[in-house]
Amino acid sequence: MQADNDFATDAELSSRIVTPGSAITSDPMYMRGHGTFTENDTIYSSVSGVVERINKLVSVRSLKQRYSGEVGDIVVGRITEVGSKRWRVDVNSRQDGVLMLSSINLPGGILRRKSESDELQMRTFFAEGDLVFAEVQLNTPAGLSLHTRSIQYGKLRNGQLVTVFPQLVPRSRNHFHSLPCGVDVVIGVNGYIWVSKQVPASKVEENAELIYSDKNDSISDHEREAIARVANCISLLNRLYVKITDASIMYAYEESLHHLVKDLLTKRVAVDLAHSVKSRLAQQS
Amino acid sequence: MSRQELLSPEGLRVDGRRPNELRRISCRASVLSSADGSSYYEQGNTKVLVAVYGPREPRQRNPALATEQAQINVEFNVAPFSTSERRRRSKGDKRLLEVAAFVRQTFEGAVQRSVYQRSQIDIYIHLLQNDGGTLEACVNAATLALVDAGISMVDYVCACTAGFVEETPVLDLCGVEEAAVETPDLTVAIMPRNGSIALLQMESRLHVSKLDDVMDLAIEGCKHIHTKLDNAVLAAANDLAEKLSH
Chain A
1 MQADNDFATD
11 AELSSRIVTP
21 GSAITSDPMY
31 MRGHGTFTEN
41 DTIYSSVSGV
51 VERINKLVSV
61 RSLKQRYSGE
71 VGDIVVGRIT
81 EVGSKRWRVD
91 VNSRQDGVLM
101 LSSINLPGGI
111 LRRKSESDEL
121 QMRTFFAEGD
131 LVFAEVQLNT
141 PAGLSLHTRS
151 IQYGKLRNGQ
161 LVTVFPQLVP
171 RSRNHFHSLP
181 CGVDVVIGVN
191 GYIWVSKQVP
201 ASKVEENAEL
211 IYSDKNDSIS
221 DHEREAIARV
231 ANCISLLNRL
241 YVKITDASIM
251 YAYEESLHHL
261 VKDLLTKRVA
271 VDLAHSVKSR
281 LAQQS
Chain B
1 MSRQELLSPE
11 GLRVDGRRPN
21 ELRRISCRAS
31 VLSSADGSSY
41 YEQGNTKVLV
51 AVYGPREPRQ
61 RNPALATEQA
71 QINVEFNVAP
81 FSTSERRRRS
91 KGDKRLLEVA
101 AFVRQTFEGA
111 VQRSVYQRSQ
121 IDIYIHLLQN
131 DGGTLEACVN
141 AATLALVDAG
151 ISMVDYVCAC
161 TAGFVEETPV
171 LDLCGVEEAA
181 VETPDLTVAI
191 MPRNGSIALL
201 QMESRLHVSK
211 LDDVMDLAIE
221 GCKHIHTKLD
231 NAVLAAANDL
241 AEKLSH
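Residue numbers (my numbering), protein chains in the order written: chain A, 1 to 285; chain B, 1 to 246.
No wet-lab data here; the hints were simulated from the structure. Wrong hints could be hidden among the right ones.
[What the hints assert, rightly or not] Residues from chain B shown here face chain A by an in silico Cβ test under 10 Å; the list is partial:
{"no.": "1", "residue": "Ala70"}
{"no.": "2", "residue": "Asn73"}
{"no.": "3", "residue": "Gln112"}
{"no.": "4", "residue": "Thr143"}
{"no.": "5", "residue": "Leu146"}
{"no.": "6", "residue": "Val147"}
{"no.": "7", "residue": "Asp148"}
{"no.": "8", "residue": "Val154"}
{"no.": "9", "residue": "Pro184"}
{"no.": "10", "residue": "Arg193"}
{"no.": "11", "residue": "Ile197"}
{"no.": "12", "residue": "Ala237"}
Note that beta-carbon positions come from the ideal geometry of N, C-alpha and C, so glycine has one too.
Given these sequences and hints, build the entire structure.
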């Protein structure tokens with residue numbers, strides 16, 4: 001099949017919306033990237049999304065897709081299985097991630113080889129259903145390999161999980177934010193966001209023994225309300241399909257202060273709030 | 001019982017359509033928030049809801065199945081209220097399993113399964129109202145939901161039925177036409193880009209000399225459905241792109 005001649009002009013190649021099976025270019029100078037395939041020397045799109053061109057590489061970025069990991073990504077995951085010397089972690093991806101026993105920190109930050117006794121008490125570190133804050137170490141066809149070798153990574157507690165579209169979370173230098181409203185958020189690149197009570201950084205190091213604790217600290221009603229408000233604001237940003245960063249969360253939080261937390265996601269308030277958050281974001285950009 | 005007239009002397013069918021007319025189609029992507037991809041599809045009075053989950057970790061980790069290609073699972077569910085007579089169907093109903101198997105085989109050819117190694121794609125189809133053309137509606141709705149989930153596909157898969165009534169090929173049979181014993185009922189699914197056939201199914205007898213006409217009509221219908229689906233996908237993509245650009 002001969003493709004039409006009029007689509008290959010350079011300007012049209014990028015930021016054009018395509019659907020599966022539509023021809024992108026038949027110019028032999030281009031290489032195919034993600035979201036495309038070739039047939040009879042023509043590059044076709046295999047997903048619906050936006051065409052992106054970097055030098056000679058043409059790819060299609062899908063607007064809605066599962067998370068696909070990259071090395072160095074900060075993710076939040078849930079332990080699904082405890083195996084021999086490893087945990088399986090649901091990271092909202094194509095496959096479960098793997099967290100090896102050798103790639104976690106021991107309580108108290110002791111540095112040593114993991115022994116057989118550590119293997120036997122793996123559930124005291126992470127059990128099924130626990131949430132972990134980790135970094136992607138390797139990306140293999142068998143799945144993502146994670147590690148928690150840093151003082152800030154490890155088990156998550158004192159808060160609640162919010163799930164958003166993964167493509168709304170931009171990769172940035174920092175994914176752990178202590179918001180001025182007294183709430184900590186961990187924005188996982190995989191679309192899992194942990195909203196929790198603020199713990200001062202000095203106290204984290206003090207409590208190195210407690211990194212695998214299952215018990216919540218005492219959380220006051222005031223803190224609970226702040227956590228719930230931030231969580232609802234993130235859900236709202238997700239519905240609006242707005243990029244989720246510490247800045248956008250704070251805008252939504254500030255705009256939401258006129259309303260009760262429990263009303264934030266009701267249709268009437270959400271529409272109202274969406275409008276003010278959007279205009280606020282438009283002002284900034 | 002008197003035999004119902006399926007084609008009037010004026011050349012109109014029981015629901016007032018001409019032989020080469022499709023029923024009204026309306027469809028929407030992204031109707032469910034918890035699924036990776038979803039769609040709602042109406043063709044006349046046949047209404048289908050599809051949810052796609054995946055590619056995700058395979059449920060049973062069978063080494064024999066841990067292949068270089070994604071597994072596709074299809075579950076087909078018929079609501080008890082989908083027909084005029086209320087009837088609950090068991091999950092093991094052979095008719096339902098058969099439809100699910102057809103849909104699975106169709107998409108095994110269209111989805112780029114080697115892109116998603118060691119994972120599984122689940123397609124859940126719910127038939128909410130049945131007025132003929134179940135299989136075509138399921139295939140079209142599943143295509144829309146898979147595209148919505150951002151799963152790599154070689155092309156859309158568009159399905160359409162055609163039958164043969166009183167020496168005339170008719171497009172897109174409705175429930176009454178389908179139920180008539182003597183109507184042959186052919187379902188074709190094509191990939192419109194190169195016109196290759198992804199699914200071809202007929203359970204009744206039709207003279208071979210008539211087959212070409214009926215096939216051509218069905219393929220013509222598939223092409224119309226392709227533009228409908230493409231418009232729905234473009235609308236959804238434009239909507240998301242616009243929201244993201246803020």
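For each hint, the structure was consulted:
1. Ala70: holds, 8 Å
2. Asn73: At 15 Å from the nearest chain A Cβ, B:Asn73 fails the 10 Å test, so the hint is violated.
3. Gln112: Status holds, d = 6 Å.
4. Thr143: holds, 9 Å
5. Leu146: holds, 9 Å
6. Val147: Since the shortest Cβ distance to chain A is 5 Å, the answer is holds.
7. Asp148: Cβ of B:Asp148 sits 7 Å from chain A, so the hint holds.
8. Val154: Hint on B:Val154: holds, closest Cβ of chain A at ~7 Å, below 10 Å.
9. Pro184: Because about 30 Å separates B:Pro184 from the closest Cβ in chain A, which is outside the 10 Å limit, the hint is violated.
10. Arg193: holds, 4 Å
11. Ile197: Nearest chain A Cβ about 15 Å off; hint violated.
12. Ala237: holds, 5 Å
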